[in-house]
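Student: One letter stands for each residue in the lines below.
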Amino acid sequence: MSDAPALDGALLNWLESSDGKRIRLPVVIHFGDEYKLDYGPIYVGTATGAPPADAIHLQLDDGGMSVGLFDSIVGRPTDANNGMVLWLEGRWGALVDMPDFDDGFDEGPKKHDFSVFEIAGDVAPGTTHIQVATQ
Amino acid sequence: MPAHRREAAVPASTSTTGSVQFHRDGSGGVFADRPSAREGGFGAAAAAHGLQDVQFKGDNPKKKVTGKAGGRLGHAAKALKHTKEVMKFGAGNQAEALKATNFNSYFRMKVMRDPSCWELAPSVRAIANANRDSLTAAKADLAHGGNCGEHAQVGLDYLNTIAKGETLNRSAVEGLDHAFVIMGDIGKEGDADLVVCDPWPTAATACTWEDHFAYTPDKTKIKASRTITASGQNVKDVIARGLRLSPRGQKLINQRWDDKRTDEQIEKDMGGWIWEHGPAASEEYDYVVDAGGDDDDK
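Sequence order for the protein chains is S and A.
Taking numbering that gives the first Met the number 0, the leading residue of the first sequence gets 0, the next gets one more, and so forth.
Taking numbering that gives the first Met the number 0, the leading residue of the second sequence gets 0, the next gets one more, and so forth.
No lab work stands behind these hints: they were computed from the structure.
Be a bit skeptical, because a hint or two may be false.
To be verified - The list that follows gives simulated cross-link-like pairs (lysine-lysine, DSS-like), each with its CA atoms no further than 25 Å apart:
hint, chain 1, residue 1, chain 2, residue 2
1, S, K109, A, K250
2, A, K187, A, K163
3, A, K163, A, K250
4, S, K110, A, K250
5, S, K20, A, K267
6, A, K187, A, K63
7, S, K110, S, K20
8, A, K187, A, K218
9, A, K222, A, K267
Can you build the whole structure from these sequences, using the hints too?
Tutor: So, in structure tokens, the structure goes:
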């Protein structure tokens, strides 16, 4: 993996045109309740808490993982915001197009699909860039 | 061989105690009652794609195991059969199941993993949090889906109810993205006494750790994400009383594609995240208990 685009306002455009590149994103994952039975806000970033106004919100697609993402991370320690920040390795976009039921579950900020293949560890403080696999 | 020795076949679905009859299940198979996507019945489609019941064939090479391993193999075989019955549409990342169900097994796996597909009553949230394998097993009774992780969890939860006192490890091997259950104390027991329950392969059979396809003699490479001593308690049924599919989940488990789109997707992703994996053992044996052998744990 090599450093690639910075975590700034131009990142979304780069991701949208990443054309299947294997990348690592620093992802903020919150749980939605005290029992860790649901997800809370998930977005590209390096610190838990309220997402910035221009945050890139994610819908994590773990269909390509042998063990589900939720079960893989639920035992990890969380911080005071009931969250964690992890490097997630995968590809921009959904693994498989999912049906749109228009059932109200997608209310809130627009969520971008990110297909996760691997949890690549904790994100160090001061991280400023995503990573791109060297071809 | 000392005169008091005897050999007892390890049955696939009965206790080893007192049994000397080889178990051979020639009945229809666990997929026989599946509804059809393509050919008038998932059973027919499944048979066409090689999905099989869990059984000891009777024509494999025989291999002697200790009474301890034999007892575990019996439990593991029961857990495999149970898990295959629960996961009756097959895995969400096995080509045979995806083809037989027109990709429905993928959508069932997605339901299993998406919290928005479930409604969980407040009264069972704490116990669900503390018993994640049982929660997954309760979900699987409704959604019947998953990849190897969910298959291992269902198998472990079932073993927890039938193999009281046994050490159960939800395991993986370093460098291999695959989850399964190892029965026994990994750090203290020999490879021949440890038994694997790996329900995900399409032709899964119970086997000793040394016969499993992921075997490594280096135990430091075995990563147990959860280790428990089987309690004999059925927590799954407690959670199930407060668990149901959400409207979204009910819609998603009924999703399937047409033949063309199914075949195209399998061809595109075969070798990436879609697999064709048949046996769990690197070499399949019909295990026989060496009841008069060196087993000091009888």
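Student: Work down the list of hints and note, for each, if the structure agrees.
Tutor: Hint-by-hint comparison with the structure:
1. At most 25 Å may separate the alpha-carbon atoms for a hinted pair to count; K109/S and K250/A meet this at roughly 22 Å.
2. Restraint check for K187/A and K163/A: the C-alpha separation of about 19 Å stays at or below 25 Å, so the hint holds.
3. For a cut-off of 25 Å, the pair hint linking K163/A to K250/A is broken: about 38 Å separates their Cα positions.
4. With a C-alpha separation of about 21 Å, the suggested pairing of K110/S with K250/A holds against the 25 Å cut-off.
5. About 16 Å separates the Cα atoms of K20/S and K267/A, which keeps this hinted pair within 25 Å; it holds.
6. Only pairs whose Cα atoms come within 25 Å are accepted, and K187/A paired with K63/A is accepted, the gap being roughly 21 Å.
7. Between K110/S and K20/S the CA atoms are separated by roughly 19 Å; this keeps the pair inside 25 Å, and the hint holds.
8. Restraint check for K187/A and K218/A: the C-alpha separation of about 10 Å stays at or below 25 Å, so the hint holds.
9. Pair hint K222/A plus K267/A does not hold up; C-alpha atoms about 31 Å apart against a cutoff of 25 Å.
Against the hints set out earlier in the document, violations occur for numbers 3, 9.
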